[in-house]
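**Q** Heads up: the sequence lines are chains A and B, in that order.
For the first sequence, our numbering assigns the number 22 to the initial residue and increments by one for each residue that follows.
For the second sequence, our numbering assigns the number 97 to the initial residue and increments by one for each residue that follows.
Be aware that one or more of the hints could be misleading.
For lysine to aspartate or glutamate, the following DMTMM-like pairs were computed, each having C-alpha atoms within a straight-line distance of at most 20 Å [said to hold, decoys possible]:
#1 A:K181 <-> B:E438
#2 B:K149 <-> A:E342
#3 A:K193 <-> B:D132
The calculated label-pair distances, taken between Cβ atoms and stated as ranges, are [to be verified]:
#4 A:F353 <-> B:N319: 43 to 51 Å
#5 B:G365 <-> A:A357: 43 to 51 Å
#6 A:A175 <-> B:N319: 27 to 35 Å
#7 A:I166 <-> B:S182: 17 to 25 Å
#8 A:F101 <-> B:A306: 44 to 52 Å
#9 B:K439 <-> A:N160: 39 to 47 Å
#10 A:T66 <-> B:A218: 17 to 25 Å
#11 A:R253 <-> B:A218: 56 to 64 Å
#12 B:Q423 <-> A:T66: 31 to 39 Å
Please keep in mind that the hints were generated in silico from the structure rather than gathered at the bench.
This one's a predicted model, so the numbers in the text were calculated from it and none came from an experiment.
No residue lacks a Cβ here, since even glycine has one placed at the ideal position from N, Cα and C.
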Amino acid sequence: MRIKNTWISGLGIPLTSIFLGLLVGAIIMLLSGFDPISNYVNMFTGALGSANAIGEVLRSATPLMLTALGFAVANYAGFFNIGLAGQALVGWLASVAFANAFPGLPSILIIPGALIVAALAGAFWSGLAGYFRAYFGANEVITTIMLNYIALYATNAIVKAYMTVGDGDYSKMIPKAARLRTPFLEQLTQNSTFHYGIILSVLAVFFIAWLLKKTTLGFEIRAVGMSEDASRYAGMSPKRTIMASMLISGALCGLGGAMEGLGNFQNIIVNTALPSIGFDGMSVALLAAGSPIGILFAALLFGTLSIGGLNISIAATTPPEITSIVVASIIFFVGANYIIRYWFAKLRKPAKPTASTPVPPAATDTKEVHS
Amino acid sequence: MKISHKLGMIALVAVTATVLGACGSKQTSDTKGKTDPKHSVALVTDGGGVDDKSFNQSGWEGLEKWGKKHDLVKGVGGYNYAQSNSDADFTPNINKLIQAKYAMIVGTGYKLVSAITKASKANPDTKFLIIDDVVNRKNVASVTFKDNEGAFLAGVAAAKTTKTNKVGFVGGMHSEVIDRFEAGFRQGVATVNPKIEVDIQYVGDFSKPAIGQSLASAMFNNNVDVIYHAAGGSGAGVFSAAKNVIKSKKVWVIGVDQDQTAEGKYSGGNLTLTSTIKGVGTAINKVADAAMDGKFPGGKTTVYGLKENGVSLVKGNMSADAWKSVQEYKQQIIDGKITVAEKPADLK
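Given these sequences and hints, build the entire structure.
**A** In C-alpha cells form, the structure reads like this:
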C-alpha cells in the first residue's frame with residue numbers, strides 16, 4: 022500500500038498515534054486507580070512548564086537526534102545498525118579522553134578536537150561491522166549487537182583502569198574549556214543540564230537531509246538500500262556505499278556519545294548497561310520513518326515523554342512503574358503507526374482488497390465488506 | 097458509510113474511557129496525613145526502584161516509617177521518592193524535587209555524589225543527605241557505613257558453617273563500597289580459619305540476576321557451600337542458584353543490606369543462613385528527625401558501624417555455636433581489639 026505524502030499523513034498520522042497512546046495510557050491509569058488527567062497535566066508541566074524542564078527536554082533530545090540520524094543513514098543503505106549504543110559509548114569515551122588529555126587547550130580547539138575524535142571512534146566501531154558486511158556478507162545485526170557488548174565492557178575496563186579517580190567508578194570531570202554546559206545556560210534554564218550540543222544536533226539534521234536528497238552519495242545510499250544488485254548493474258559500488266553509510270552512521274552515533282561526555286555528564290561513568298540513547302535513537306528514527314526533519318520532532322517527543330514522565334511520580338503518588346507503562350504505550354502507538362497509516366489510507370480512498378495487498382484481519386470483517 | 101463506521105469506533109472507545117473514568121476517579125483519594133513543606137523529604141534512587149530487596153528498599157522503608165511517624169502525607173509536602181531509570185535521570189530528578197519544594201533530598205548511593213554536589217551548590221537553601229559517600233558542603237549531610245564490619249561477621253558465620261572449607265563471595269561491581277564488603281568478609285573467614293578458601297566473583301552489575309545465578313551455580317558446582325552476596329538486585333540470582341542446588345546438597349546464602357530470610361524459602365526449609373543489615377533507613381530516619389528539630393548535621397559525616405548499630409548481622413538460621421562466636425567477634429570489634437580492613441588490598 023502506497024501512502025501519498027500529503028500533510029494529512031505527514032502530520033495527522035503521528036498526531037493520531039500520540040492521541041491513541043495517551044488514550045491507552047489513560048485507560049491503564051484508570052484501571053490502576055490513578056487520575057489520568059492530573060497525571061498528564063503533571064507530565065506536560067514537568068516537561069514544558071519551566072525553563073529548567075524545557076532545558077532538560079532539549080538536553081535529552083540532543084543525543085537522540087544524532088543516534089537516530091545514524092540509524093536512518095545506515096537504514097537507507099539497507100543496513101540495520103543495532104550498534105548505535107556501542108558506537109555512542111566509544112564516542113563518549115573518546116571525547117572525554119581527548120578533553121582530559123589536553124586540558125590546556127582553549128575551547129575553540131578542544132571542543133572540535135573532542136568531537137572529531139568521538140566521531141572517528143564511533144565511525145571506527147561501526148566501520149568494523151560495515152567492513153564485515155560489505156566484504157564478507159556477515160550479518161550486521163549479529164555483529165553490531167556483539168560489538169555493543171564489546172564496547173560496553175571494554176570502555177568500562179578502560180575507564181576503571183586509566184580514568185577513574187581513586188576507587189570511584191567515574192572519570193574526573195573534563196576541563197572547563199571543553200564543557201558544553203556553561204554557567205550562562207545554567208542560569209538561563211534554572212540549573213538544568215541543557216547544553217550547546219543542541220546546535221550540533223540541529224545542524225546534523227539539516228546536513229543529513231541535504232546529504233540524502235541532494236548529493237550523489239545520498240542517491241547511491243538510497244539506491245543500494247533499495248536493491249544492491251540493481252545499483253551494481255547501474256555502475257555503483259555497493260561495498261563502497263555500504264562502508265560510507267556505515268561510517269557516517271557511526272560518526273553520528275559517536276557524536277551522540279560526545280554529547281553525553283561533553284554536555285550531560287561532563288565525564289564518563291562505569292556504565293552498568295548500554296546507554297539508552299542507542300535504542301531510543303532507533304525508536305526515534307523508526308518513528309520518524311527515516312525523515313531527518315521528522316527525527317528532530319520525534320526526538321523532542323521522546324525527550325518530553327522521558328522528562329515529563331519523571332514528574333508524574335514526583336508531583337503525585339503514581340508509582341514510576343505505571344508511568345513507564347504509560348510512556349511505553351504512547352511510544353508503542355507512535356511506533357505502530359502503520360496501523361494508523363492503514364486507517365488513514367482507507368479513509369481517504371476506499372481500497373478494494375486485492376491479492377497482492379497484505380490484508381489485516383480487520384478488513385476481512387464482514388461489516389467492512391458490506392459497508 | 098466507511099467514515100461513519102470509523103467514527104463510531106472512535107466514539108465507542110471514547111465512551112469506554114469515560115465510563116472507566118467514572119469508576120476510577122473514586123479511588124484517587126489517599127491523602128492521609130498532613131503536609132509540612134518545611135520538613136518534607138524525598139529520596140532519589142541510584143538506579144532501579146524502591147523494591148530492589150536491598151539498598152534502595154531499606155532506605156525507602158525507613159523514610160516511609162519516618163513519614164508515618166510524623167503523620168505526613170505521601171507526596172509533595174510530605175515524603176516521596178523519585179526513581180532513576182538511568183544515571184542521566186539523577187540531575188533531572190533532583191531538580192524536579194527541588195521545584196516541588198522538598199526541604200530535604202536524600203541520594204541513596206555513591207553514584208549520586210556528583211549530582212548532589214552540583215545541586216547543593218546551586219540550591220544552598222535545600223538540605224541534602226548522601227548515603228555511602230561524602231560531600232563537604234554546609235547543606236549536605238553525609239552518612240557512610242562500616243559495611244566491612246558487618247561483612248566480617250558474615251565471614252565468621254560462613255567459616256563456622258561451611259563443611260567443605262570453601263566459601264564464596266559474589267559482589268555487584270568493583271567499587272569503594274563493595275570493596276569494603278569483600279575485605280571484611282575475607283578477613284572474617286580468615287580470622288576463624290585461614291585454611292578456608294574464598295572464591296571471589298563480581299557480576300559487574302547490580303541488576304543482572306542471571307549473571308549472579310550463573311556465577312553462584314559455578315561456585316556450588318565447585319564445592320562451595322556458603323555464598324555471601326553484596327550484589328543488590330543481582331543477588332536474587334544467587335538465591336535462585338542455591339534453590340536449584342539445594343535438592344542435591346546442603347548450601348547456604350548470606351543476604352545483604354536487609355534481612356533476606358524471605359528470599360531463601362524453599363519447600364524443605366530456608367537456605368538463608370543470615371543477612372548483614374545496613375541501617376540505611378535508620379540513618380535517613382535519624383537525619384530527617386534531626387532536621388525537624390533544627391539540628392540538621394550539614395557538612396558533617398556520620399559513620400555507622402557495629403558500635404552505632406548502623407550495621408549488624410541477624411541470627412537467621414545459624415547454629416548456636418556460630419551465633420556465639422559471631423557475638424564474641426562483634427564485641428571484639430566494638431572494643432577496638434579487631435580492626436577490619438576496608439580494602440581487599442590491605443589484607444595479608
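**Q** State the violated hints by number, sorted upward, taking the hints as numbered earlier in the document.
**A** 3, 8 and 12
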